[in-house]
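Trainee: Turn these sequences into a full structure, and let the hints guide you.
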Amino acid sequence: MIIGGSASQKLAAQIARKMGESLCPLETRKFPDGERYIRIKGEIEDRITVVQSTGYPPDENLMELFLILKTLQSMNIKDIRVVIPYFGYGRQERSFNQGEAVSAAVIADLIEFSGGSEVFCINLHEEGICNLFNVPAHNLSAMPALAEYLANCMDNPVIMAPDLGALPFAREIADILRCDCDYLEKKRISPEVVETKTKSLDVMNREVVIVDDIISTGGTIVNAIKMLKKNGASRIVVSCVHPVLVDDALLKIFAAGADELIGTDTLKSEVSVVSVAGLVADALKD
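Quick note: the sequence shown uses the numbering used here, first residue 1449, plus one each step.
Read the hints as simulated data drawn from the structure, not as lab findings.
Accuracy of the hints is not assured; some may be wrong.
Unchecked claim - Cross-link-like lysine to aspartate or glutamate pairs, in silico, EDC-like; alpha carbons within 16 Å at most:
#, residue 1, residue 2
1, K1645, D1630
2, K1478, E1508
3, K1518, E1560
4, K1458, E1475
5, K1647, D1611
6, K1678, D1707
7, K1634, D1611
8, K1733, D1527
9, K1674, D1707
10, K1674, D1650
11, K1678, E1633
12, K1466, D1730
13, K1518, D1494
14, K1733, E1566
15, K1458, E1469
16, K1674, D1611
17, K1526, E1560
18, K1677, D1650
19, K1674, E1708
20, K1647, D1630
21, K1647, D1628
22, K1518, D1557
23, K1677, E1708
24, K1677, D1707
25, K1674, E1633
26, K1674, E1655
27, K1458, E1718
28, K1526, D1494
29, K1466, D1734
30, K1645, E1633
31, K1733, E1469
32, K1489, E1475
33, K1526, E1493
34, K1518, E1566
35, K1647, E1633
36, K1645, D1611
37, K1678, E1655
38, K1677, E1655
This one's a predicted model, so the numbers in the text were calculated from it and none came from an experiment.
Mentor: Right, here's the structure in full:
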């Protein structure tokens, strides 16, 4: 049985359909002061999967997730799998400076305390988050789903990481599509001047796909687009797993010269054209 939180109801329905599972009705609303009310309706099975992304607004979506999990626990459900397509508060899995909150560890503790017995995430920003759980935790990759979408609309593109950190994502897609892969390298010319260029490949008159896990403000992607346009790329498609897209990120990306922007439905957005439902369903069946 699948329960979809308010942030992931459509995705939960798609996962249930692919697995041949039933959807459990969930009533959720806000009180006038902003507090969240939830009620799980219908007959409950012994094994429940809760699907809830914890993106914007993260505090609200996390609280709803905790309420759902704790309610199931109070109903004596022992096997509660938790699917968190986008893991909010996942930027900090360790303390870099004295007195810093390790936010990802706090969230992991609260999920376990609330009754989660197994956790499934997608392209965590920090791989080490899985190690913060004392229950089985899995970091699934949506790159094959993105690659399948790109294969249907592009022919032999260059797969480009906007920086070295995103190179593993770009390589994963490039290996699937069997095409060239590179990343943008920053070289400091002087204290005031930084040059950005491709590490090894020439993109002149070539289609380029920029690949990253998360696009938030879009600043890194905008710089990458401008550099690729300057170097003669004929078409630029921007792709990501998690389209956070805060403020005017979408506008900035297209204004910089992107021809298309695609993301997955780990978060709801107007560019969430690639579904991770199949990926999650396969992981839950194993």
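Trainee: Against this structure, judge whether each hint is valid.
Mentor: Verification of the hints:
no.: 1; hint: K1645 x D1630; result: holds, 10 Å
no.: 2; hint: K1478 x E1508; result: holds, 10 Å
no.: 3; hint: K1518 x E1560; result: holds, 10 Å
no.: 4; hint: K1458 x E1475; result: holds, 15 Å
no.: 5; hint: K1647 x D1611; result: holds, 10 Å
no.: 6; hint: K1678 x D1707; result: holds, 15 Å
no.: 7; hint: K1634 x D1611; result: holds, 8 Å
no.: 8; hint: K1733 x D1527; result: holds, 14 Å
no.: 9; hint: K1674 x D1707; result: holds, 12 Å
no.: 10; hint: K1674 x D1650; result: holds, 15 Å
no.: 11; hint: K1678 x E1633; result: holds, 15 Å
no.: 12; hint: K1466 x D1730; result: holds, 9 Å
no.: 13; hint: K1518 x D1494; result: holds, 15 Å
no.: 14; hint: K1733 x E1566; result: holds, 13 Å
no.: 15; hint: K1458 x E1469; result: holds, 14 Å
no.: 16; hint: K1674 x D1611; result: holds, 14 Å
no.: 17; hint: K1526 x E1560; result: holds, 12 Å
no.: 18; hint: K1677 x D1650; result: holds, 12 Å
no.: 19; hint: K1674 x E1708; result: holds, 14 Å
no.: 20; hint: K1647 x D1630; result: holds, 6 Å
no.: 21; hint: K1647 x D1628; result: holds, 12 Å
no.: 22; hint: K1518 x D1557; result: holds, 13 Å
no.: 23; hint: K1677 x E1708; result: holds, 14 Å
no.: 24; hint: K1677 x D1707; result: holds, 11 Å
no.: 25; hint: K1674 x E1633; result: holds, 14 Å
no.: 26; hint: K1674 x E1655; result: holds, 14 Å
no.: 27; hint: K1458 x E1718; result: holds, 14 Å
no.: 28; hint: K1526 x D1494; result: holds, 7 Å
no.: 29; hint: K1466 x D1734; result: holds, 14 Å
no.: 30; hint: K1645 x E1633; result: holds, 5 Å
no.: 31; hint: K1733 x E1469; result: holds, 11 Å
no.: 32; hint: K1489 x E1475; result: holds, 7 Å
no.: 33; hint: K1526 x E1493; result: holds, 10 Å
no.: 34; hint: K1518 x E1566; result: holds, 14 Å
no.: 35; hint: K1647 x E1633; result: holds, 6 Å
no.: 36; hint: K1645 x D1611; result: holds, 10 Å
no.: 37; hint: K1678 x E1655; result: holds, 14 Å
no.: 38; hint: K1677 x E1655; result: holds, 11 Å
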